[in-house]
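Chemist: Start from the sequences and build out the full structure, keeping to the hints where you can.
One letter stands for each residue in the lines below.
There are 2 protein chains.
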Amino acid sequence: MLTIGKLGEAAGVKVPTIRYYEQIGLLPEPDRSAGNQRLYGQSALDRLAFIRHARELGFPLDAIRDLLSLSDEPDQSCAAADVIAKKQLTTVKARIVRLTALKAELERMITQCAQGTVADCRVIEVLSDHSHCAQDHRTSGAAE
Amino acid sequence: MLTIGKLGEAAGVKVPTIRYYEQIGLLPEPDRSAGNQRLYGQSALDRLAFIRHARELGFPLDAIRDLLSLSDEPDQSCAAADVIAKKQLTTVKARIVRLTALKAELERMITQCAQGTVADCRVIEVLSDHSHCAQDHRTSGAAE
DNA sequence: TCTTGAAGCTATAGCTACTAGAGACCTTAG
DNA sequence: CTAAGGTCTCTAGTAGCTATAGCTTCAAGA
Numbered sequence: 006m007l008t009i010g011k012l013g014e015a016a017g018v019k020v021p022t023i024r025y026y027e028q029i030g031l032l033p034e035p036d037r038s039a040g041n042q043r044l045y046g047q048s049a050l051d052r053l054a055f056i057r058h059a060r061e062l063g064f065p066l067d068a069i070r071d072l073l074s075l076s077d078e079p080d081q082s083c084a085a086a087d088v089i090a091k092k093q094l095t096t097v098k099a100r101i102v103r104l105t106a107l108k109a110e111l112e113r114m115i116t117q118c119a120q121g122t123v124a125d126c127r128v129i130e131v132l133s134d135h136s137h138c139a140q141d142h143r144t145s146g147a148a149e
Numbered sequence: 006m007l008t009i010g011k012l013g014e015a016a017g018v019k020v021p022t023i024r025y026y027e028q029i030g031l032l033p034e035p036d037r038s039a040g041n042q043r044l045y046g047q048s049a050l051d052r053l054a055f056i057r058h059a060r061e062l063g064f065p066l067d068a069i070r071d072l073l074s075l076s077d078e079p080d081q082s083c084a085a086a087d088v089i090a091k092k093q094l095t096t097v098k099a100r101i102v103r104l105t106a107l108k109a110e111l112e113r114m115i116t117q118c119a120q121g122t123v124a125d126c127r128v129i130e131v132l133s134d135h136s137h138c139a140q141d142h143r144t145s146g147a148a149e
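In order, the protein sequences belong to chains A and B. Under my numbering, think of the first position of the first sequence as 6, with each following residue one higher. Under my numbering, think of the first position of the second sequence as 6, with each following residue one higher.
Just so you know, nobody snuck in bad clues.
Here's a subset of chain B near chain A, in silico, CB distances under 10 Å, partners left out:
(1) H58
(2) E61
(3) L62
(4) F64
(5) S76
(6) S82
(7) C83
(8) Q93
(9) V97
(10) I101
(11) R103
(12) E110
(13) C118
No more than 25 Å apart at the CA atoms, straight line, and that leaves these computed lysine-lysine pairs for BS3-like:
(14) K98(A) - K92(B)
(15) K108(B) - K98(A)
(16) K92(B) - K108(A)
(17) K108(A) - K98(A)
(18) K92(A) - K98(B)
(19) K108(A) - K108(B)
(20) K108(B) - K92(A)
(21) K98(B) - K108(B)
(22) K108(A) - K91(B)
(23) K98(A) - K98(B)
(24) K108(A) - K98(B)
(25) K91(A) - K108(B)
Covered by chain B, according to a simulated footprint, are these stretches of chain A (three or more residues, beta-carbon under 8 Å):
(26) 53 to 63
(27) 84 to 94
(28) 103 to 110
If you're looking for bench data, these hints aren't it; they were derived computationally from the structure. Built from N, CA and C at the ideal position, the CB exists for glycine as well.
Modeler: Structure, rendered in structure tokens:
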């Protein structure tokens, strides 16, 4: 049996986050010790690792909730989980495109900065005037 | 003179967002009409466009606040602006590395999903068990 | 056995960067 | 003059945590 601290350590999740996941119903309420402290078994560790891993993959908690409900009912089709993963892949691809454009823009700004005064600073100038943009980075969604 | 709606349209920023920026001190309090409505001039438009542009490049509002205060004093060195931009570039680069690993992982998951039941669905399995990961995507910070 | 310090508990508030809603008021086109 | 739509303030909500306060419990050393 693991205390919440050990569980967090094992799964790589901070203690308040575990309590938060319990609060929003992602993790079931665990058994308690005689002194009211949470005690976790292997299944909680697996579930938490699942959640953490999905978070790392960029899944929002709602999608994770769906995935967990799928795995809680193993007779269901995997198509639903596949749909979720594909949706995430689309999001991730879009973010990469977006960030790559931002990177180019930032690099351009920085290399052109002559280290003089603010009056002729490229960083400020580029930010002030959209016409300086090498690419139109207004088109692919929010910057995050 | 522009009303808040026209200003938002001109800068590509939603009206509540403008009021929010004013509230947190990013935009100065504008003059008001006889009927208490905000009226903006060119300088507000410039400033708002700057903010929006910096947001699009992923700068957090705190960094934008710093950049704005720098641009208010054009005789200073622009080294500080350079530092802010470089920090942002580092963040963006890290996110790209991270998201690229996630993309590979999701693609692998999807191709391996046999479209059967959840019991043999790799999507669930891969997310449950870190050892299935093609790359270690644990190393480069939070998923956002 | 006692004690001390870490770890746990609940509850509440705060964070970023907005967004949405309620209900009243102002402005402008027809 | 009226009606529609823009604007006003204020509050609360969003995601996904993180931090704080003030308390209790647990494990290890003296």
